[in-house]
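Chemist: The primary structure of each chain is shown beneath.
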Amino acid sequence: MSTSTTLEAPNSGTWDGGNEPMKASYGKLMMWFFLLSDAFTFGAFLIVYGLSRHKHMPYTGEAEAFQFSTQWWPIPEKVFNAFPGFHGVDLPLAFVALMTMILILSSVTMVLAVEAGHRMDKNDVQKWLLWTILFGSIFLGCQAWEWAHFITGTDEGMVLADGTRISGANLTVNQYGPPLFADLFFFITGFHGTHVFSGVVLLLMIFINTVNGVYEKRGHYEMVEKVGLYWHFVDLVWVFVFTFFYLI
Amino acid sequence: MSSTDISINEEVHHAHEEHDHHHEQNFIEKYIFSQDHKTIAKQFLFTGIAWAFIGGFLSILFRLQLGWPEATFTFLEPILGGWIENGKLNPEFYLALVTMHGTIMVFFVLTAGLSGTFSNFLIPLQLGARDMASGFMNMLSFWIFFLSSIVLFSSLFISTGPAAGGWTVYPPLSALPEAIQGSGDGMTMWLIAMALFIVSQLLGGVNYITTIINLRTKGMSMTKMPLTIWAFFLTAILGLLAFPVLLSASLLLIFDRSFGTSFFLSDIYIAGQALTNTGGSPILFQHLFWFLGHPEVYIVIMPAMGLVSEVIATNSRKPIFGYRAMIGSLIGISVLSFVVWAHHMFVTGMNPFLGSVFMFLTLIIAVPSAVKVFNWIATLWRGNIRFTAAMMFAIGFVSLFISGGLTGIILGNSSLDIQLHDTYFVVAHFHLVMGAAAFFGMFCGVYHWFPKMFGRMMDEKLGAVHFWLTFIAVYLVFMPMHYLGIAGFPRRYYNWTGFETFNIFTDMNTFISISAILGFSAQFIFLFNFIYSIYRGRRASANPWHSNTLEWTTPALPGHGNWPGEIPAVYRWPYDYSKPGAAEDYIPQTVPFSQTASSNLPHERELE
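Sequences listed follow chains A and B, in order. Here full-length UniProt numbering is used: the first residue of the first sequence is 1, the next is one more, and so on. Here full-length UniProt numbering is used: the first residue of the second sequence is 1, the next is one more, and so on.
Bound-form chain A, shown alone (with noise of 0.2 Å):
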């Protein structure tokens, strides 16, 4: 076949082949279809969420005459309402609003750490790389003591139909309602916890190959591009989290 020989060209617009679409990465896009595939298994857990709270009985009564009882879901400001150092005040949902604030903060340094990158500042993707890795260890500290807080629960605690009285959550029988609450609760942010804690390592690693130069000698910062597309869906889905479980 004497194709190697002819003079034509073959068609060069955008989607003819030959090149990148506009000018996608394979890495990148590698990068959003997971993050696509990923949305979906969140998705099914907090649709799990919403239909296994939609099954239970909301509370009725006085928001003041609030308690906690299995025959009804909590109200959540009454779940989350304690802080570190404060012992026995009301604050609710204050804990919640500072985590998800450090965050969000954590996405405004990865935002830099890639604008740097862009303008191949070593030093700047440094400094942002090490902002960013302190307030997403900072947010699974904080979720760490949320965690230890809702284990061991309040003083109160809940007293059961036989009398018994309970603190605290495990995945079989919490004090704040019926058991799926704290299951649910267990599950999600543990998922979701996960998640930031892979992103810490993510981030600690193209942090080592910063500091090494290799992004340098290799002339782009994709990699720091995509980290931070996972770090940025990571954030995404705390806030959804974060508006079903802290909310509504």
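Please keep in mind that the hints were generated in silico from the structure rather than gathered at the bench. Hints are supplied without guarantee of correctness; some may be wrong.
Derived DSS-like pairs: lysine-lysine, alpha-carbon spacing no greater than 30 Å straight-line [said to hold, decoys possible]:
#1 579(B) to 28(A)
#2 217(A) to 28(A)
#3 218(B) to 23(A)
Given the coordinates of chain A, assemble chain B onto it according to the supplied hints.
Modeler: Okay, now just chain B, sitting in the frame of chain A:
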């Protein structure tokens, strides 16, 4: 580090081209932890074939039980050991057989074996790429699949037996080891295997998608791609969106089983003792499962559709009829596949209004499916048909898809489903339309692309014998099942002789079992032909079928990097067969219009 440390495209490809000329690969790099898409495809194929024989063998075991319910099977003791008690198959083992047959065939053969083989093999070759976007992830995808295979395979040998709650693993049956032996360790292993399997699918899937988007050769626009590629592309997208939901369901089930949560469990009494689980919903699991489960049947059938379209066009020596309609119908099927899952759940007590919505959406799928069937038949119509083994399997596919598809219209009706649900009618339907049909697609692919895989031809005569025996056996097995199903004969029953109503079907069941054994035996002809031809087959030329697509422009046995020189550019669509005025009855995609002045159509003249 190399898993995360992926550099951009161009560099990789430079590296590849360097490799082609200088670096000699050692045995392990070349055959075991190979990153070459062709080797990985063969690895998937071999594993898939091994699984298919295991899965088929399991079905023969339970067909023996169904066909001869009163017989004693002492002769099976050497193989099955404790599962045969006084010559009788253990009833719980029967359920495990059915479960494992389904799991193996649906996931390990027709998903990994079919998509894994042909997506890997054909995507770079038909697109004009040196390899997949990430060879490393591709390799990882196979080896994680292999690990998953090992886990599932070992579960066959543990004392409590493999998972036995059906391939759909509905809780509470699958969640409580007290309910059935198979829900013990066997189920745990099933879930681990499935989680690994999903990871493998995701790694493979993102690779297929990005390769198709980014690594097409010059001139290969989306509408010049062969239909195989379109099918693999959409299949990979379906997998990417559907499998994570199964992952969610599996993880929640793992927690219910091992950590005492109540996601799918509520109000259960075992031996008069109430379990502590409250508040969960087993129906929720069904929703999650079928959100994967329904797209999954299209994940199985769409690659087969792609392969068949290609083979039918090549061997009819005619352009595929309605190329764009074929793409459109594939897209239509893909979209619809996500909004019909609850037709598997008509009898779970869901709102009848919801049932009618799902019924409506389900029946709409008949439209794109009919478009495809019409186009295949129209392609065959007055073609110069060459009955190669691949072509016969392709035509067999169309036949099975029609026979099985028609009963789908019946089953899609929520009112008819009340009678037919969980009967052999369902078994007959899905075995024809996605089981046997997808197998035929796979055989069609193996016979057609064997020359490119191994540089040798398979034996056509043995192929024809294999086809006719399989084709006849499939119909003999599944046609009678429709009658059983209409009579209300339930599936998954170990023994039906206790029911007066069903005793009249003894002969029919025996007949089905004999046909199944015949069909299974015929596969050994294929196995022989396959293995023999790898070593002793007739040597193949570079383009033995006179086909247009790019893989046939490679050498007879393409090496690492696929094309020895430059990657060819593409000028035309892949279906220029029997073009009036052309010197030969095929014009490969690499031939520019300037060289085919005699056959160019008016609108192609400007492209000369």
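Chemist: Please work out if residue 579(B) and residue 28(A) have their alpha carbons no farther apart than 30 Å.
Modeler: Violated, at about 41 Å.
Chemist: With the threshold set at 30 Å, check whether the alpha-carbon distance from residue 217(A) to residue 28(A) stays at or below it.
Modeler: holds, 20 Å
Chemist: Sort out whether residue 23(A) lies within 30 Å of residue 218(B), counting only the CA atoms.
Modeler: With Cα atoms ~15 Å apart, residue 218(B) and residue 23(A) stay inside 30 Å; holds.
Against the hints set out earlier in the document, a violation occurs for number 1 only.
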